[in-house]
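Number of protein chains: 2
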Amino acid sequence: MEHIPLEEPVDLLTGLATTRAIRRYTAEPITDDDLAKIMFAATRAPTGSNRNHFRFVVLRTGEVAHQAKALLGESFRSSWATKRATDSYDDGSGEIDHSPKARMARTMNHFVDNFESTPVVVLPCIRKRHGGMGDGASIFPACQNLLLAARGLGYGGVLTMWHSPVETELRALCGIPDDHAIAAVIPLGRPQGGHGPVRRRPIQELVFDGYWGTTADWIVEPDGTRHTQAGPPPSRDG
Amino acid sequence: MEHIPLEEPVDLLTGLATTRAIRRYTAEPITDDDLAKIMFAATRAPTGSNRNHFRFVVLRTGEVAHQAKALLGESFRSSWATKRATDSYDDGSGEIDHSPKARMARTMNHFVDNFESTPVVVLPCIRKRHGGMGDGASIFPACQNLLLAARGLGYGGVLTMWHSPVETELRALCGIPDDHAIAAVIPLGRPQGGHGPVRRRPIQELVFDGYWGTTADWIVEPDGTRHTQAGPPPSRDG
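Heads up: the protein sequence lines correspond to chains A and H, in order.
Residue numbering for the first sequence follows this note's numbering, beginning at 1 and increasing consecutively.
Residue numbering for the second sequence follows this note's numbering, beginning at 1001 and increasing consecutively.
Just chain A, with the same shape it has in the complex (with noise of 0.2 angstroms):
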């Protein structure tokens, strides 16, 4: 796999297409200074009526901290021992496997039994109004600069869901009140290893010209774009 340098400064474009799901962290701690920086670039994103309901539990260290990243680790070994049945990961060749899934089988193994040693853990939390996927737009976008931001300082993270199971538990934990949700988890860290290119589905079953399933053929994808495998493909799942 080919590796992208995290050196920065990092171009707006680059640095959009070149994010990924990072699950494997050093144990070196984010700086306040650097983290300061995420959370500021996090809360730049847009709200509905730039209302500003979003709001965001940064979890270091400390009891509460420690307690939360147990109960979470706890949660997400549950989560992926779950989704490694359904969704058939151990039907691989075994340890030496090398295809994409047997190989995601092993970071996500290793993030799992590693959770409580993530060096940040943030709660974005939205304050629910129409409840249902428009109350999203306030929050995951935050989201997504958060995860930006981070890998403009050579971090890496995660948007997960996996805090489901213990919601509850959760938020009495933190002190989130309840007429706010906890939209998801974001694991943070220094990324081991090199960061591997983002691989999606071919951008023309993703881009439609004027009318669904229209062919944008306007669009070419840049040299050495990755593709995924991941999903089924849009012939029974699209």
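Please note: incorrect hints may appear among the correct ones.
Below, simulated DSS-like cross-link-like pairs (lysine-lysine); rule was C-alpha separation at most 25 angstroms, straight line [what the hints assert, rightly or not]:
hint	chain 1	residue 1	chain 2	residue 2
1	H	K1128	A	K128
2	A	K83	A	K101
3	A	K83	H	K1128
4	H	K1083	H	K1101
5	A	K128	H	K1083
Not everything, but these chain H residues come out facing chain A in the computed CB check (under 10 angstroms) [what the hints assert, rightly or not]:
hint	residue
6	V1010
7	L1012
8	L1013
9	A1021
10	A1042
11	S1049
12	N1109
13	G1134
14	D1135
15	S1138
16	N1145
17	L1153
18	M1161
19	A1184
20	G1210
21	E1221
Simulated from the structure, these hints should not be mistaken for lab results.
We treat Cβ as the ideally placed atom computed from N, Cα and C, and that holds for glycine.
Following the hints, complete the assembly by docking chain H onto the known chain A.
This is chain H only, laid out in the frame that chain A set:
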């Protein structure tokens, strides 16, 4: 108001901090090449399990785009009329009022009155899985990437939800299948006039250290950070 020039290339962290809602566009079209870059950046955003179950219908010229923009224009005008009344935008001191609310009202009037002339309108769609906010985690990061890429290339846009009154007609017009939600509408174009500063609530209201309400005193906002009065203060609405 100070204006941030839109020259290239924009540094990633700068781009994150200076991308704001743009609602006044020149008549200049977005070139195929730039629009391809914007859509490529959008599709580099994460989706749950890298499932890539987001789709984007790009409306530019042609009969369907023309009809869709007209349908959305009606919907935006009626949504703004409702908001204008509900949120007391008319309580200011008339046309010469320079309050932020009065300025916003003038911008919104211009935005909805000229919606049909918007160079590009993107409909970000997401295949419905769980319903609720979680589905938004796989589409709103891409919306943010899209807006950031537009910023990086000297364009601007805004994430809006004002298609909801006409979602059924819009879906029929653009051939969007029933199992996909239209998550938002993103108009895009070259900004008219200057690109003002991003204004948010003071960051200490938004980011907490380890526990809800605990001040993150390691965060200092950069010099020149501008605050908004938008949205109710936290004491009434936090």
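Quick rundown of the hints versus the structure:
no.: 1; hint: H:K1128 to A:K128; result: holds, 20 angstroms
no.: 2; hint: A:K83 to A:K101; result: holds, 12 angstroms
no.: 3; hint: A:K83 to H:K1128; result: holds, 19 angstroms
no.: 4; hint: H:K1083 to H:K1101; result: holds, 12 angstroms
no.: 5; hint: A:K128 to H:K1083; result: holds, 19 angstroms
no.: 6; hint: V1010; result: holds, 4 angstroms
no.: 7; hint: L1012; result: holds, 4 angstroms
no.: 8; hint: L1013; result: holds, 5 angstroms
no.: 9; hint: A1021; result: holds, 6 angstroms
no.: 10; hint: A1042; result: holds, 8 angstroms
no.: 11; hint: S1049; result: holds, 7 angstroms
no.: 12; hint: N1109; result: violated, 16 angstroms
no.: 13; hint: G1134; result: holds, 6 angstroms
no.: 14; hint: D1135; result: holds, 5 angstroms
no.: 15; hint: S1138; result: holds, 9 angstroms
no.: 16; hint: N1145; result: holds, 5 angstroms
no.: 17; hint: L1153; result: holds, 8 angstroms
no.: 18; hint: M1161; result: holds, 6 angstroms
no.: 19; hint: A1184; result: holds, 6 angstroms
no.: 20; hint: G1210; result: holds, 5 angstroms
no.: 21; hint: E1221; result: holds, 7 angstroms
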